[in-house]
Structure formats: structure tokens, C-alpha cells
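Undergrad: Residue strings, one per chain:
Number of protein chains: 2
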Amino acid sequence: MRRIKLSEGGGGEETWSLIKELFLKHFNNPVLASLEDSALLPAPSRIAFTTDAFTVKPIFFKGGDIGKLAVAGTVNDLAVMGAKPLYMSLSFIVEEGFPYQSLERIVESIAKTAEEVGVMVVAGDTKVVQAGHADGLFIVASGIGEVVYPGLSCRRIEEGDAVIVSGPVGDHGACVLAQREGFEFEGDFGSDCQPLWDLVDTLLRSGVEVHAIRDPTRGGLSAVLYEWAYASGVSFLVEEERVPVRDEVLGVCEFLGLEPYHLACEGRVLISVRAEDAERALEVLKSHPNGREAGIIAYAVRADRKPTVVLRTLYHVERLLEPPAGELLPRIC
Amino acid sequence: MRRIKLSEGGGGEETWSLIKELFLKHFNNPVLASLEDSALLPAPSRIAFTTDAFTVKPIFFKGGDIGKLAVAGTVNDLAVMGAKPLYMSLSFIVEEGFPYQSLERIVESIAKTAEEVGVMVVAGDTKVVQAGHADGLFIVASGIGEVVYPGLSCRRIEEGDAVIVSGPVGDHGACVLAQREGFEFEGDFGSDCQPLWDLVDTLLRSGVEVHAIRDPTRGGLSAVLYEWAYASGVSFLVEEERVPVRDEVLGVCEFLGLEPYHLACEGRVLISVRAEDAERALEVLKSHPNGREAGIIAYAVRADRKPTVVLRTLYHVERLLEPPAGELLPRIC
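Taken in sequence, the protein lines are chains X and U.
Using my numbering, the letters of the first sequence correspond one by one to residues 1 to 333.
Using my numbering, the letters of the second sequence correspond one by one to residues 1 to 333.
So here's chain X without its partners, still in its complex pose (with noise of 0.2 angstroms):
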């Protein structure tokens, strides 16, 4: 087997082979095929620009790996702005013997997640550090984007506003969390790992007057919807009857004495709508293959002291939902 040797992070000829055989052979665009320093760009009037390490373990998983998660991960950072993803870096901070074939098999998953949603890798850097210095590989990405919709932001959320959730919630967490832990599952379930621009795109040009968008990543529901409430000054109650939870997810929370509003997606957004837009909002999502199981799950509510989340159990009860903390899941993105 091929295993990644440290003179291939070197900067020398063993590099620039690494960089000619792997990348620029899945990677080919000629931005990136010009290996300067930089990539140069045309660049629209208003950009949009993120960054985001990947240290996910396990780098395969149902569902995705490393790679997809990188370009999901950058392209909805952007998407959830109202910008339409451009170009990405990479760099690869590999671990010195890691296999060869995995790295090749994480950059076709790369090339092919960027090719179908349209944005170029024009930049990336290969680090190789000792065995036992890292932990197989870890992925940073960056990215660029359009600002074509301007104005999402989570200070516009208002009284009133309708949160939908663009799908169940937790299938990343709980999928990553399980194969960790070595559970089985039956079927087709998976990380929901995708990139979601053409989802928001549609929304989006729909016209329905959407104040803000947020991917639920680390932290899951419930840290979306407290960094909302602290920006806006808002309280949300959540209708936990509404909320869609796939069994599996459900599962393994309960194994694991977590909360699947902790859980982190890589292929959900949450909106907030102008609560006379949200069934318009609704159909919208409803009618594109990433927003099929679409809800309505919380409303904005007028905040009693300090701005807070409210979730209405299935019994009725009125409690607070928990804000994350502590060791939730290292290594879940």
C-alpha cells in the first residue's frame, strides 16, 4: 500500500509530484493549474468569505467523508450569507504514513462535491507531519463567494418570525457518533452531509421575505437558536412534536444520554421567515430534493428578561432547552 511519507510535505521534487499526480489531476482548472503563490480572481462587487478546519473521525462515514463534509460545510457557510459559492482553498495537514488510496478517494470526493455545486478549488497547501503528530488527516477550507442576496442577518430576526428546519435534524451527530462507538444500523441511514446553495437559491429567489439562515453544525439546533436569541433579543419556543428526528437519531441519543437538539447536521438550514411568509416559505423548500421533509418547528417570541429558548416537550410541558456546553462531540466535523 501507498502511505504518505514526509517528503511529500517536504516542498521538493516528491512534493511537486504529489501536487501534479493527486490534485491538479482531480482538481483541473486553470487557476490552480498555474501553481503560483495565489490564485487570481475576477472578483464580484461584494464577497462573502469563510473558513472551517475538518477534523472529523471517522474520515469515512456513511453518508460522506472528510472531503464531501469540507465542501458541504464552506458552501453553506456561504449559502446561509445569501452568497453563491465561488472558490475554495484546501490545505491537507496529513499525518506522515496515512494511505495514499484514502487521500486519493477523499480529493475525488472533494472534486466531485465541487463540481456539482459549481465552485472551483483554486488554491490548497499539503502539510505532512510525523507519525503520531496528527491523527490521519485533518482538512481546512476557505471560501469565497457572490453576495447575491444581501441583508441575511440574524439582528433582522423579529417577533413573530416562523423558524423552519429544512429537514431532521441530527443525522451527522448521531451517524459519526454511532460508527465511533461501533453501532450497527439497518438501512439507508446516514450523515446528512450535502451542500445546500441551490436549496437556499431557490428560497431565496422565491421572494418571501426571509430574515436569516444558519446551518446547524456544532451544537446542533439549540446553539442556532441561542446565538439567534442573543443577537436579536428575541426567545424562540420550539414545539418538539414538530421537530423531525429520525428514529435511528433518536436511538442513539437515548444509548448515549444526549440530546438530538445538540446533534450536528452538515446538510440542514434553519430560516427564519416573516411568520405571514412561512407557508409560502414552506412549499418553496418542500418542492426542492434537499427540503423535501421541511418544518415549521419554532416561533420568535417577545423575550420576558433576557432573551432565551423555550421548548414545548410532547407532554405539553414548557422547559428550557438546554444550551449546549461541555465536551459535546469533539471530532464530529
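Simulated from the structure, these hints should not be mistaken for laboratory data.
Fair warning: this is a prediction, and the values are worked out from it, not measured in the lab.
Misleading hints may appear alongside valid ones.
When chains are identical, the list treats them as one kind, so a pair holds in a single copy or across two.
Cut-off 27 angstroms, straight-line C-alpha distance, at most; resulting in silico cross-link-like pairs (BS3-like, lysine-lysine) [as the list claims (entries may be wrong)]:
no. : residue 1 : residue 2
1   : K306      : K25
2   : K57       : K5
3   : K84       : K286
4   : K20       : K306
5   : K84       : K25
6   : K112      : K20
The hints should help you fit chain U onto chain X, whose structure is shown.
TA: Same frame as chain X, but now just chain U:
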């Protein structure tokens, strides 16, 4: 001693505290402080985009640290493409148990260097991995710049071009290696790590005809000249007696059996200029604090069969300059 906890990378309350107490404290600008998923930025008409992972060991070294290095490396990758550095993103991959104080020292160092060079940190991410799954701290920086001087490219290098280096070579590599091996130095020898946009800007503004600029990081002088030779189809003749190398660097090289031409610089640029403009370029460089020790070290000559790099040694013997290869220097940047 406060140490970084897994929970500080979990995306919950502890992560938010870290962001506010550490990152927003030091990178204080409204774009970052909006804490949205992407930074929204006004864009120049033509942008340069670059990324680099920094895995240097040790993370504090004489003349700098991994943070200053991340800014210098990013700024210099933009500068050599004629781009004024505008925005940076930073991803931190931190090993659980890493001293908080060290992280703060590094963040301060980044903030100081970024401010000096006028680049704004507008996006970031932090992941914490379990103890033993990384080595202290890795930083990945991406940068966006405005292309002020278009047209620089290694493909423009021509026969007759003079190659100028802006200062002594190998300081960074020798300094980091020496520290890793436990050597002691007297005096003020340290890494050359520094951002060079101002130097490059001064040179390009002067109107001399510059064809290409590159910073000799991993693989050093040799790597850049070989890349240039392959890209432009010319060979290079390097005059060994003209290449500035400090005695301390020669000492480290002798002891460890290395070529100074393979050692990384982090605050030098190589510049290929039209022969007639070489003296004028040198004058401009020498008038700038970061270019005082600049010198002409090589010429582009017609390639015999395939482009290569020849060194005319101190004894006037001509031999091939070894291209960088093998496990040169892992974790040097």
C-alpha cells in the same frame, strides 16, 4: 495554568467564551465581530486568494512564532503576486491541554503583525482535538488581496533576466532546525520571518520591469529557481559568492549536512527583473529597511537541453544545484 479544554472546541458555551475572551479581544473589527457564518466584504475588481497550513515546531522560535509566521506567509504569498493584502481567515487546530497562555501569546502576535501590515482578520474557526491527536497547535491561514500590480508570473521570465534576493537566505530554516536540535547561538541571529508587502509595493511602484517574484519558503532558493526554470524554459546560473548566507546558517548546514540553498526563508523574496533594470531595482530595494542586504545572485541563461539551475562555486567550478528532494525539513513552516 489554564489549558485548552476539549469543550472549548465543542461549539457550545465554552467555545463562545473562548471566541469572545480571546479572539474578539485581539482581532477587534466589525466584520469579525458580526460573528456570522461568512465575512461580508467589499471586493476589489481583481482578487488574489491563497492558503497555507502552518505546522512549525517549535511554535515559538527566535525572531517569531507560528502566529507571526502565519501572517507573514499569507501576506508574502499575496505580495509576490502583486496583491495588496486585505483580509485573512484563521483556522486553529488545537491539541487538548495546550496552554491557554501560549495560545493568547500567539493570537497577540498575529494581531500585532496583521495590524502592522494593514490586513484584517475577518473569519476564523477553532477545533480542539484530543490530547495525542495533534502536536500542540496547527494554524491554517487564508488570505485575500487586491491585485494592484497585475502581470507578474514565472512565465514572463526571459533569458538575460537578473535574479535578486532581498536578503540573506536560510535564516528561518537554520534557526528553527537549530532550536529543534538544541544548538545555542550568540548574538541576534534568528528567523527572518516578516511580511514583505511594503517592500514589494515600493519596488513595483518604482516602475522597474519586474517579471516574477516568489518567496523561497519550503525547499528554499533552489526550489524557486527550479520552479522558475521549468515554468519559463530558461536555465539559471547562480554565482555562489554573491549569495548572501550568514555564518550561523553555514554553521548549522555544515553540522547537519544541509545545503543553505534548500533552507526555508520566511522574510525574503526572489525577484526576476529585466537585465537593464537590475541595478535600479537593487537601489530601490536597498533603500527599504527590509531590503538592505539585497543582492543580484543569478542570471537567466539559455537552456541547453532542458532547463536547469547551475551553481558557479567559490572555486569557479560549475555544478548542478541540487533540486530539493527527500525529507528535507518537516515542520519548518
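Undergrad: All the hints need checking, so say for each whether the structure fits it.
TA: Results of checking the hints against the structure:
In the homo-oligomer, the alpha carbons of K306 and K25 lie at most 27 angstroms apart only across protomers (24 angstroms), although the nearest pairing inside one protomer, at 54 angstroms, exceeds that limit. Proximity of K57 and K5 under a CA criterion of 27 angstroms is satisfied in both settings, with 21 angstroms inside one chain copy and 18 angstroms between copies. Proximity of K84 and K286 under a CA criterion of 27 angstroms is satisfied intra-copy only: 21 angstroms inside one chain copy versus 45 angstroms between copies. Taking CA atoms no more than 27 angstroms apart as the test, K20 paired with K306 passes between copies only; the shortest distance there is 19 angstroms, against 56 angstroms inside one copy.
Taking the shortest alpha-carbon separations for K84 and K25, only the intra-copy value of 25 angstroms comes in at or below 27 angstroms, while the best inter-copy value is 31 angstroms. In this assembly of identical chains, K112 and K20 lie within 27 angstroms of each other by CA distance solely inside one copy; the values are 18 angstroms within and 37 angstroms between copies.
Violated hints: none; the structure is consistent with every hint.
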